[in-house]
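There are 2 protein chains.
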Amino acid sequence: MIKMQRNIYIENRPLEEAIRIFTDALEACGYFNLAGERIPVRETLGRVTSQPVYSHRSSPHYVASAMDGIAVKAEATANANELHPINLDPEEYLEVDTGDWVPSRFDAVVMIEEVNFIDGKAQLIKPAVPWQHVRSVGEDLVARDLLITSLVPIGPYEIASFITAALEYVDVIKAPRVAIIPTGTELREQASNDMEPGEIVESNSSMLAGLCRQWGAIPFRHDIVIDDVDLLRQAVAEVKDQADMIVICSGSSAGREDYSSSIVAEFGEVLVHGIATRPGKPAILGIIDNKPVIGVPGYPISAQLIFNLFARPIIYRKQGLEPPETESLICSMSRKLASSGGVDEFVYVNIAPIKDGYTAHPLNRGAGISTSLVKADGVLVIPRGNEGLQTGEKCRVELRRPRKVIDRTIISIGSHDICLDFLADILQKQDLRLVSANVGSMGGIMALRRGDTHFAGIHLLDQETGEYNISYLNRYLGDRNWLLVNLVKRQQGLIVSSGNPLEITTLFDLQQPAIRYINRQAGAGTRVLFDFLLSNSHIKPETINGYTREEYTHLAVAAAVKNNAADAALGIFAAAQALDLDFIPLAEERYDLAILPDVMGEKNIDILLSAISSEAFQERAKAFGGYSLELSGQIISENTI
Amino acid sequence: MIKMQRNIYIENRPLEEAIRIFTDALEACGYFNLAGERIPVRETLGRVTSQPVYSHRSSPHYVASAMDGIAVKAEATANANELHPINLDPEEYLEVDTGDWVPSRFDAVVMIEEVNFIDGKAQLIKPAVPWQHVRSVGEDLVARDLLITSLVPIGPYEIASFITAALEYVDVIKAPRVAIIPTGTELREQASNDMEPGEIVESNSSMLAGLCRQWGAIPFRHDIVIDDVDLLRQAVAEVKDQADMIVICSGSSAGREDYSSSIVAEFGEVLVHGIATRPGKPAILGIIDNKPVIGVPGYPISAQLIFNLFARPIIYRKQGLEPPETESLICSMSRKLASSGGVDEFVYVNIAPIKDGYTAHPLNRGAGISTSLVKADGVLVIPRGNEGLQTGEKCRVELRRPRKVIDRTIISIGSHDICLDFLADILQKQDLRLVSANVGSMGGIMALRRGDTHFAGIHLLDQETGEYNISYLNRYLGDRNWLLVNLVKRQQGLIVSSGNPLEITTLFDLQQPAIRYINRQAGAGTRVLFDFLLSNSHIKPETINGYTREEYTHLAVAAAVKNNAADAALGIFAAAQALDLDFIPLAEERYDLAILPDVMGEKNIDILLSAISSEAFQERAKAFGGYSLELSGQIISENTI
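Chains as they are written, first to last, in the working numbering: chain A, 134 to 774; chain B, 134 to 774.
Don't take every hint at face value.
Lysine-lysine pairs mimicking DSSO-like chemistry, simulated, CA-CA at most 27 Å apart [stated by the list, open to error]: (1) A/K414 / A/K469; (2) A/K622 / A/K755; (3) A/K307 / A/K424; (4) A/K527 / A/K562; (5) A/K537 / B/K488; (6) B/K562 / A/K307; (7) B/K488 / B/K537; (8) A/K562 / B/K307; (9) B/K307 / B/K259; (10) B/K206 / A/K673; (11) A/K307 / A/K259; (12) A/K537 / B/K254; (13) A/K206 / B/K673; (14) B/K537 / A/K307; (15) A/K469 / A/K488; (16) A/K424 / A/K414; (17) A/K424 / B/K673.
Here are the in silico distance ranges between beta carbons for each label pair [claimed, not checked]: (18) B/E224 / A/L635: 19 to 29 Å; (19) A/D363 / B/E224: 29 to 39 Å; (20) B/A211 / A/S746: 46 to 56 Å; (21) A/N214 / B/Q645: 29 to 39 Å; (22) B/N519 / A/F353: 34 to 44 Å; (23) B/D540 / A/G525: 30 to 40 Å; (24) A/P218 / B/K488: 39 to 49 Å.
These aren't lab readings, by the way, just hints derived from the structure by calculation.
For every residue, glycine included, the Cβ atom is placed at its ideal position computed from N, Cα and C.
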């Protein structure tokens with residue numbers, strides 16, 4: 134990798150100021166003047182008119198029958214009545230279907246139900262009123278009729294009327310073309326399992342392209358540009374004439390941003406470099422050839438934030454549209470959320486309907502945790518100058534998912550097991566979304582105490598009795614209703630590399646300094662079990678290399694072993710199995726769900742229990758291995774106050 | 134055209150019953166079992182997962198730096214403090230950027246800001262904590278992590294995480310393929326000005342295809358099938374294996390439906406033929422090869438209603454989705470709306486925010502008026518057994534446009550002039566939508582009296598004083614605030630065929646029986662003027678052939694002349710001009726806007742007045758011809774109570 138001059142200092146522009154500077158500059162150069170293009174009428178779905186649309190013809194273009202019946206001259210029927218029907222000769226009438234031409238010798242249509250055909254004559258028993266059941270020329274539309282004004286979205290009905298109006302082409306607002314340039318020597322087009330350390334798969338351009346499409350723009354992507362100023366210059370020169378907006382994915386290292394900004398300055402002007410938001414700070418805003426340029430940071434969570442904040446309003450406005458309003462919800466915070474005062478901090482959250490309100494559960498704020506974006510139900514902002522939110526504090530959360538989905542959510546805060554994922558998939562088919570937050574078993578107990586969760590997965594060993602979970606619930610939740618249901622029994626053991634090259638067989642082997650252990654966080658059931666097993670074997674924690682190194686899930690510790698970042702971890706068989714690792718069983722434990730019936734409600738409990746008992750769930754758990762299902766779905770204990 | 138056996142009798146199934154029969158039959162044959170397909174990850178935007186999606190790899194797959202800085206062994210920094218900095222030799226540290234690999238001989242990263250480089254050594258003044266600023270393997274995601282369950286919509290963030298997770302393909306729910314077969318010998322692919330009487334341009338398939346796309350289905354269209362049972366049989370046979378739904382656009386004549394239904398019966402089963410709705414009655418519901426078949430009527434307004442009622446829920450459900458909820462509004466009816474009791478009647482309406490509520494203005498209910506679909510802001514249902522709605526009665530209207538657009542609407546009920554269309558286009562650019570309902574000048578006065586309109590275009594001649602509009606306002610609106618503003622002065626005269634072949638020069642010529650006059654409706658300003666001119670010339674209305682034949686707009690009477698459905702009409706120069714007709718001027722009149730300030734509000738009045746005074750408006754009116762603009766935008770009179 135080419136080493137560049139490091140420029141540690143970047144600006145720290147307040148968000149509104151950055152938006153104002155960017156918008157003012159674009160307005161000043163006439164960027165928002167709407168551009169039109171003429172496209173075939175059948176391709177206009179979802180586009181917006183740039184000119185008023187007038188009909189090119191009249192429809193119907195002939196006098197038409199509005200009914201199935203006969204065309205007549207009304208005058209000739211004037212004297213018809215029940216006693217004295219009149220009989221029209223074949224030349225005095227014409228059989229017509231709906232839509233047929235009514236030639237000018239006729240001026241009315243009699244419905245077929247009111248006609249008696251006798252020997253080729255049409256018998257009527259009442260007179261026709263002139264122009265009855267006749268559609269006049271232009272009844273639907275007339276040549277030069279205004280169909281729709283400019284700035285109107287075109288839907289299926291508009292298209293049908295354009296076709297009827299004989300339009301072949303329609304003037305629509307040009308969809309902005311957005312050039313996306315991924316930069317970084319470390320980037321790979323496609324992830325694979327033989328990537329070198331330091332290599333990263335390039336996903337940002339697909340994410341930003343998807344956002345462009347959702348906003349009505351047409352994205353196009355440049356090939357990955359390695360860290361080379363000349364190549365970046367060439368890339369910008371290549372795209373700038375075809376694009377209405379240029380996005381440089383600057384990567385995450387400080388050096389690269391600097392040369393992105395120097396290239397922007399070379400072709401145009403850097404307006405802002407550094408915005409007081411978290412994530413997203415090292416963004417670049419500029420103008421090249423009267424077009425906006427955005428340099429987005431490398432982490433997906435930062436990249437999308439900057440793109441949502443700056444590109445979205447511009448892309449909509451460039452189409453003469455306002456960005457659709459996003460729904461928001463008032464939620465109460467499930468836990469304290471600190472923020473340093475200098476920046477507007479955007480925090481992604483899960484939302485669960487708890488009792489009569491909604492609770493927001495902050496997701497991992499690490500900028501590298503792109504999965505937070507997939508998990509997020511919404512985003513909240515802690516404005517700069519504000520030090521954060523207290524537990525229970527109300528805040529407004531902008532939704533990223535339809536309210537309907539959120540209203541059908543149950544949340545499980547506690548220990549994680551892979552079986553919860555199977556359960557989530559089965560529940561989803563019952564239109565119930567299961568969100569899990571992995572905070573360990575004790576974290577689950579605390580969430581139950583606060584009434585913040587519908588249920589909690591727990592596997593807490595009582596070191597005195599050897600029994601699981603019940604004593605903890607009695608201790609911490611004796612004063613409320615709960616229901617303890619077994620999900621699975623599962624094997625816990627040491628997860629080690631495939632083939633067990635270090636020949637680890639017992640806990641005592643972990644005392645070798647060369648063996649790197651990786652632990653679960655305090656409060657995790659597995660940590661409790663580990664401490665119990667160590668104490669049974671009279672092993673002191675400090676003799677274990679890595680005892681203080683903590684991960685939050687079974688799969689995370691297994692992954693560390695898989696990738697040779699650690700040599701051993703206590704975890705479940707399923708995690709070892711998932712990653713093709715060896716497993717040395719040490720214990721079987723009961724993994725239960727502690728449910729709050731008052732929070733979850735009877736109906737959802739029924740859905741949950743039948744999902745656990747379903748064949749689909751049982752089969753998937755069995756197939757995965759390491760689980761015993763003999764207690765699965767059984768009520769282990771219950772508290773009713 | 135081939136004449137077919139007419140089968141006048143069709144069923145009259147209540148709507149819910151038809152829905153139930155159709156749904157039950159489709160459920161019984163397993164139609165709603167979700168089908169999946171595997172598609173490339175970058176093509177999944179907007180699709181829905183059919184299987185849970187698991188990660189194929191861990192990310193990061195190596196221990197990574199979370200900062201720009203140096204990688205160190207924490208142990209080696211343990212004793213650093215301000216008084217006794219420690220100096221690391223080059224082999225004791227490694228410069229790293231964010232995202233770089235931290236090799237296993239290191240276990241912490243120190244931020245660049247905290248490092249002093251002196252002679253190639255890195256000086257630190259505080260110890261590093263083990264694993265600080267280090268991203269562990271799988272911090273973001275771990276191989277076998279559940280990314281999302283089945284039945285989840287895929288957006289840009291999901292795509293990014295799939296790419297990071299090394300997925301090349303994703304299992305998504307198969308988008309239903311909908312075959313659309315237009316039928317009818319009278320249908321033409323493309324409208325033109327030399328179409329024969331009876332020919333109709335085929336627009337329904339494009340409309341239904343657009344709806345399919347909006348609902349996530351993939352439409353494909355068969356060529357137009359003329360009225361021939363064998364050809365229709367062949368068409369159905371061709372599409373049925375590729376389609377998940379078959380739509381036969383049956384046209385509007387009774388005969389054709391019959392053979393559509395006979396073909397459905399031949400390949401499968403007709404479940405319902407005839408549904409108790411207006412429009413839409415002659416629809417067909419059936420099943421062929423366990424797939425739904427819908428026969429839709431020919432009028433676009435009927436076709437889309439049937440398609441919305443029956444295809445929409447099925448297409449969503451086939452994708453594992455619920456149809457998005459449509460917003461609705463409580464509106465009060467601007468006028469009485471009668472309905473015959475036997476059917477559920479769907480009425481399309483414009484909606485205007487009037488004072489604190491919303492008023493619904495029914496659009497033309499004629500089944501052939503496809504422009505009502507383009508104009509409609511919403512649809513209301515008069516349930517069968519209900520005889521209709523009274524003026525002022527509240528009703529729920531399902532919206533077809535965003536609420537935001539409706540909230541920015543002003544409505545003009547009254548006489549129409551082409552200049553109102555120019556005005557609408559200019560106002561749209563000020564984010565104010567102008568909706569016009571053409572009910573003539575007296576209709577406008579009545580709407581003003583009811584307070585149902587923001588303003589009314591009027592041109593009412595006081596036959597005693599020769600003055601326009603003011604005396605009418607004083608008589609009917611003396612007790613409320615109004616403002617009379619001139620829009621234009623315009624020429625009224627006789628509109629006749631190009632070249633004036635019948636040599637019409639004065640009103641007296643209209644008394645020739647061979648000359649077919651076409652009149653405006655009672656209450657139209659032009660009708661008032663016509664009656665005034667006739668009476669001045671002592672011409673009796675009954676001596677004019679066509680005096681009782683009425684149309685509602687200038688363009689409509691001009692179109693009748695243009696298409697030889699009439700020989701003469703009184704109308705404005707602009708209408709003659711628009712259709713290249715001859716014009717014999719008879720009078721100049723003042724076309725004013727009578728505004729209700731209490732309904733419209735000061736802000737919208739300002740926008741309207743500056744739109745009238747705008748260069749854009751003046752230029753367009755001038756360019757069109759037949760207008761004088763010397764009073765345009767002037768306040769003619771005002772009433773303040």
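Outcome of the hint check:
| no. | hint | result |
| --- | --- | --- |
| 1 | A/K414 / A/K469 | holds (23 Å) |
| 2 | A/K622 / A/K755 | holds (11 Å) |
| 3 | A/K307 / A/K424 | holds (15 Å) |
| 4 | A/K527 / A/K562 | violated (32 Å) |
| 5 | A/K537 / B/K488 | violated (32 Å) |
| 6 | B/K562 / A/K307 | holds (16 Å) |
| 7 | B/K488 / B/K537 | holds (16 Å) |
| 8 | A/K562 / B/K307 | holds (16 Å) |
| 9 | B/K307 / B/K259 | violated (59 Å) |
| 10 | B/K206 / A/K673 | holds (24 Å) |
| 11 | A/K307 / A/K259 | violated (59 Å) |
| 12 | A/K537 / B/K254 | violated (59 Å) |
| 13 | A/K206 / B/K673 | holds (24 Å) |
| 14 | B/K537 / A/K307 | holds (23 Å) |
| 15 | A/K469 / A/K488 | holds (20 Å) |
| 16 | A/K424 / A/K414 | holds (22 Å) |
| 17 | A/K424 / B/K673 | violated (69 Å) |
| 18 | B/E224 / A/L635: 19 to 29 Å | holds (27 Å) |
| 19 | A/D363 / B/E224: 29 to 39 Å | holds (34 Å) |
| 20 | B/A211 / A/S746: 46 to 56 Å | holds (55 Å) |
| 21 | A/N214 / B/Q645: 29 to 39 Å | holds (32 Å) |
| 22 | B/N519 / A/F353: 34 to 44 Å | violated (55 Å) |
| 23 | B/D540 / A/G525: 30 to 40 Å | holds (36 Å) |
| 24 | A/P218 / B/K488: 39 to 49 Å | violated (55 Å) |
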